[in-house]
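Protein chains in written order, with UniProt numbering: chain A, 1 to 381; chain B, 1 to 299.
There could be a bad hint or two in this list.
Derived CB-CB ranges, DEER-like [claimed, not checked]: (1) A125/A / F129/B: 52 to 62 angstroms; (2) H200/A / I122/B: 31 to 41 angstroms; (3) S154/A / I122/B: 33 to 43 angstroms.
Calculated lysine-lysine pairs in the DSSO-like style (CA-CA distance at most 30 angstroms, straight line) [stated by the list, open to error]: (4) K31/A / K141/B; (5) K6/B / K93/A; (6) K228/A / K172/A.
Pulled from the structure, derived: some chain A residues nowhere near chain B, Cβ distances all over 12 angstroms [unchecked claim]: (7) V36; (8) D39; (9) K93; (10) Q101; (11) L105; (12) N114; (13) L169; (14) L175; (15) E242; (16) G331.
Think of the hints as simulated: they come from the structure by calculation, not from any bench. Backbone N, C-alpha and C define an ideal beta-carbon position, used for all residues, glycine too.
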Amino acid sequence: MKSLGSTRRSFTPWLDKETKPYISFQNVTKKFGDFVAVDNLTLNIYEREFYSLLGPSGCGKTTLLRMLAGFEEPTSGEIFLDGVSLKGVPPHKRPVNMMFQSYALFPHMSVRDNIGFGLKQAGIAKAQITERVDAILKLVKLEEFAKRKPDQLSGGQRQRVALARSVVLRPKLLLLDEPLGALDKKLREETQFELMDLQHELGLTFMIVTHDQEEAMTMSDRIAVMDKGTVIQTGTPAEIYEAPNSRYVADFIGTVNTLEGKVKEKAAGKVKIVGKDGFTIEAATTDQFALNTDDTAWFSIRPEKIKVSRSKPDKQTNAVEGEVWDIGYLGDMTLFNVMLDSGTIMRASVLNAKRTVDDPIGYEDRIWLSFEPDAGIVLER
Amino acid sequence: MGNFFKRVTIGLPYLWLCLLFLLPFLIVLRVSFSEPVLAMPPFAPQFDLSEGWQAFTDAVSRFTLYNFQFVLEDSLYTNAYLSSLRIALISTFLTLVIGFPLAYGMSRAPMTIRPMLLMLVILPFWTSFLIRVYAWIGILKPEGLMNQFLMGAGIISTPLRIYNTEIAVYIGIVYSYLPFMVLPIYATLEKMDYSYVEAARDLGCSALGAFWKITARLALPGVLAGCFLVFIPAIGEFVIPELLGGSRTLMIGKTLWSEFFNNRDWPVASTVAIILLAILVVPIVLFQNAQARAAEAGR
Ligand SMILES: Nc1ncnc2c1ncn2[C@@H]1O[C@H](COP(=O)(O)OP(=O)(O)OP(=O)(O)O)[C@@H](O)[C@H]1O
Ligand SMILES: [Mg+2]
Numbered sequence: 001m002k003s004l005g006s007t008r009r010s011f012t013p014w015l016d017k018e019t020k021p022y023i024s025f026q027n028v029t030k031k032f033g034d035f036v037a038v039d040n041l042t043l044n045i046y047e048r049e050f051y052s053l054l055g056p057s058g059c060g061k062t063t064l065l066r067m068l069a070g071f072e073e074p075t076s077g078e079i080f081l082d083g084v085s086l087k088g089v090p091p092h093k094r095p096v097n098m099m100f101q102s103y104a105l106f107p108h109m110s111v112r113d114n115i116g117f118g119l120k121q122a123g124i125a126k127a128q129i130t131e132r133v134d135a136i137l138k139l140v141k142l143e144e145f146a147k148r149k150p151d152q153l154s155g156g157q158r159q160r161v162a163l164a165r166s167v168v169l170r171p172k173l174l175l176l177d178e179p180l181g182a183l184d185k186k187l188r189e190e191t192q193f194e195l196m197d198l199q200h201e202l203g204l205t206f207m208i209v210t211h212d213q214e215e216a217m218t219m220s221d222r223i224a225v226m227d228k229g230t231v232i233q234t235g236t237p238a239e240i241y242e243a244p245n246s247r248y249v250a251d252f253i254g255t256v257n258t259l260e261g262k263v264k265e266k267a268a269g270k271v272k273i274v275g276k277d278g279f280t281i282e283a284a285t286t287d288q289f290a291l292n293t294d295d296t297a298w299f300s301i302r303p304e305k306i307k308v309s310r311s312k313p314d315k316q317t318n319a320v321e322g323e324v325w326d327i328g329y330l331g332d333m334t335l336f337n338v339m340l341d342s343g344t345i346m347r348a349s350v351l352n353a354k355r356t357v358d359d360p361i362g363y364e365d366r367i368w369l370s371f372e373p374d375a376g377i378v379l380e381r
Numbered sequence: 001m002g003n004f005f006k007r008v009t010i011g012l013p014y015l016w017l018c019l020l021f022l023l024p025f026l027i028v029l030r031v032s033f034s035e036p037v038l039a040m041p042p043f044a045p046q047f048d049l050s051e052g053w054q055a056f057t058d059a060v061s062r063f064t065l066y067n068f069q070f071v072l073e074d075s076l077y078t079n080a081y082l083s084s085l086r087i088a089l090i091s092t093f094l095t096l097v098i099g100f101p102l103a104y105g106m107s108r109a110p111m112t113i114r115p116m117l118l119m120l121v122i123l124p125f126w127t128s129f130l131i132r133v134y135a136w137i138g139i140l141k142p143e144g145l146m147n148q149f150l151m152g153a154g155i156i157s158t159p160l161r162i163y164n165t166e167i168a169v170y171i172g173i174v175y176s177y178l179p180f181m182v183l184p185i186y187a188t189l190e191k192m193d194y195s196y197v198e199a200a201r202d203l204g205c206s207a208l209g210a211f212w213k214i215t216a217r218l219a220l221p222g223v224l225a226g227c228f229l230v231f232i233p234a235i236g237e238f239v240i241p242e243l244l245g246g247s248r249t250l251m252i253g254k255t256l257w258s259e260f261f262n263n264r265d266w267p268v269a270s271t272v273a274i275i276l277l278a279i280l281v282v283p284i285v286l287f288q289n290a291q292a293r294a295a296e297a298g299r
């Protein structure tokens, strides 16, 4: 059986009709004055899920988290946690902790006191607080900074304190608003795996906002791609990457070539599209494909799924010639930007499986790009 | 060149301080060591700096500490000091109790109306202080506005006796110094990031708990500044007790005035002033320390 990408773990409660969602947004709208920040949004998050929100700046991600944490009330619609409406429940009575995008570290308290604040509020014994704070300080590699005040820390250190402060309480639901943005790549990757371990070990549910798609792909069970206060698509990282439901999602995640065309022939499981760029595309489709002949469609294909060759491939469709416009050598792969005769630029990437290449492709060479019918996806919007 | 300029800019405040504080202080100090005489000026010894060093040392040898002994032993003065201290402390506390909620409300008001609220707090300064205190006489006196209103409304049947009591002094001080309390507190609350409070709520604090642990704690430098700005002038206040407090309200400012202008005993008046300054040095130093620490923390 074919499946999209390779999955991290077989955890798919959302496919099971019996499982009740842990968090449920039902037709939630949030307005600030006339401005609609969240627009009639419905989504379900399951227990122990690692759920990411991805979307451009100002699309309502933070607002969504703030409504869950209890700092904003929905203008209309309702949010349920474990089947119970959160309407009117004050922030300190919710089993939710939030890491703020602005960190919001208490300026008059040391790193240790900041992290221990929530534990102290919960009435936990002093010795145990010390122990748990020490453990989390070690996890975020800030042992030497325990006595410092927030204004004596670097941006990345502050971010780790904020992360530690929300994680140390082990709430059933943890909301992280761009938790790793200020960290260097290595520390970020380490922390990502530590967060994943923590979530797995303690059985927590995570809802995380990030601008780093790679981060979202690595960590998440599911990703929601948002735009202007609505969710455009929810799915596993592989679904979002390999089967986006729109040009917006395809374009937002990773790099993609999108070719516009008109539907010409439609048969069961496949479709022929005459592209604007002067060549015919034959593509595989699913049962849900709803377009008719002469409708506009977009064929979207990722660079790594395009084959690059010097000689004309031996097929009539799914092949196009162009001139090498730009070459980017990334080490593990090489990127080619190819200008088709129509003027459209297509990007293809080639894995550098060998250390040396015979007859390398150079600038202004004419080359052929080709692909299989199921390498890309036909989009209706 | 740059060095010279730097020295001048650093030196200027010192020059200012010497001219307007140190010099008058030295003159008052000198008078406090003198004896009263019926002459002009009404104290001795006198000396002329043009007569040289000898004349100066002669005069200094005739200085006396008698005035200090007199003031510190006479219960009239000590009572006045204690009563001033008490009135200043109570009125500072009352000003804080009224000023903090005002400042808090202002800092949480919508951004657009804050400048107007600020303006309203400062507005009374546009009228003379004296006139505003006189206005309170009109309000508080037995046949004044307040009693007329309360009796007209049927709340009381005999006029309240507030004018010429200590209560009137509290009202006067709280009213006059309220902006000095509100403004520094407002300044600290206004620049406080409200997300601190949200974070505290998120970590399990009730609304009241978050207020104490975060808002009140972070407003502390402003509260201290406000308290000192009210307490220090209030303790030496003359106009308010004179106009509103009547003869039975004892405050050191009034004593000072009557020594200078009624008794024409400049040496004792100067001694009273010097001792008042000595009493104030303690809170002033505390205030300076608090300011320095706040500056350190806010960095
Ligand atoms: N208190 C508020 N008053 C008015 N408008 C607000 C308020 N809070 C948020 N908004 C608006 O709502 C929209 C969504 O804001 P939000 O903070 O949720 O965005 P975001 O997706 O988190 O963006 P970013 O990625 O930049 O953090 C923005 O256009 C913002 O200007
Ligand atoms: Mg945000």
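Assertion that L169/A lies farther than 12 angstroms from chain B (Cβ)
violated, 7 angstroms
- [ ] May I ask you to check that E242/A keeps its beta-carbon over 12 angstroms from the closest beta-carbon of chain B?
- [x] holds, 37 angstroms
Least C-beta distance between K93/A and chain B, which was stated to exceed 12 angstroms:
violated, 9 angstroms
Next item on the list: Check the following: the C-beta atoms of S154/A and I122/B are separated by a distance inside 33 to 43 angstroms.
Entry: holds, 41 angstroms
Practice prompt. For the pair we were handed, K31/A and K141/B, check the Cα-Cα distance against 30 angstroms.
Written response: Status violated; Cα separation ~54 angstroms.
- Does the Cβ pair A125/A, F129/B satisfy 52 to 62 angstroms? With Cβ atoms ~57 angstroms apart, the hint holds.
message = Please check whether the beta-carbon of L175/A is more than 12 angstroms away from every beta-carbon in chain B.
response = Its Cβ does come within 12 angstroms of chain B, the nearest being 9 angstroms, so this is violated.
_Just want to verify: D39/A was marked as not at the interface with chain B; is every Cβ pair farther apart than 12 angstroms?_
Given that every Cβ of chain B is farther than 12 angstroms from that of D39/A, nearest at about 24 angstroms, it holds.
>> Against the 30 angstroms threshold, does the CA-CA distance of K228/A and K172/A hold or violate the hint?
In response: holds, 29 angstroms
Status of the stated non-contact between G331/A and chain B (beta carbon gap over 12 angstroms):
Answer for G331/A: holds, closest chain B Cβ roughly 41 angstroms.
query = Would the least Cβ to Cβ distance between N114/A and chain B come out above 12 angstroms?
reply = Violated, since 9 angstroms does not exceed 12 angstroms.
Margin query: Verify this label for me: Q101/A is non-interface relative to chain B, using a Cβ-Cβ cutoff of 12 angstroms.
Written below: violated, 9 angstroms
Of the hints listed earlier, those the structure fails to meet are numbers 2, 4, 5, 9, 10, 11, 12, 13, 14, in rising order.
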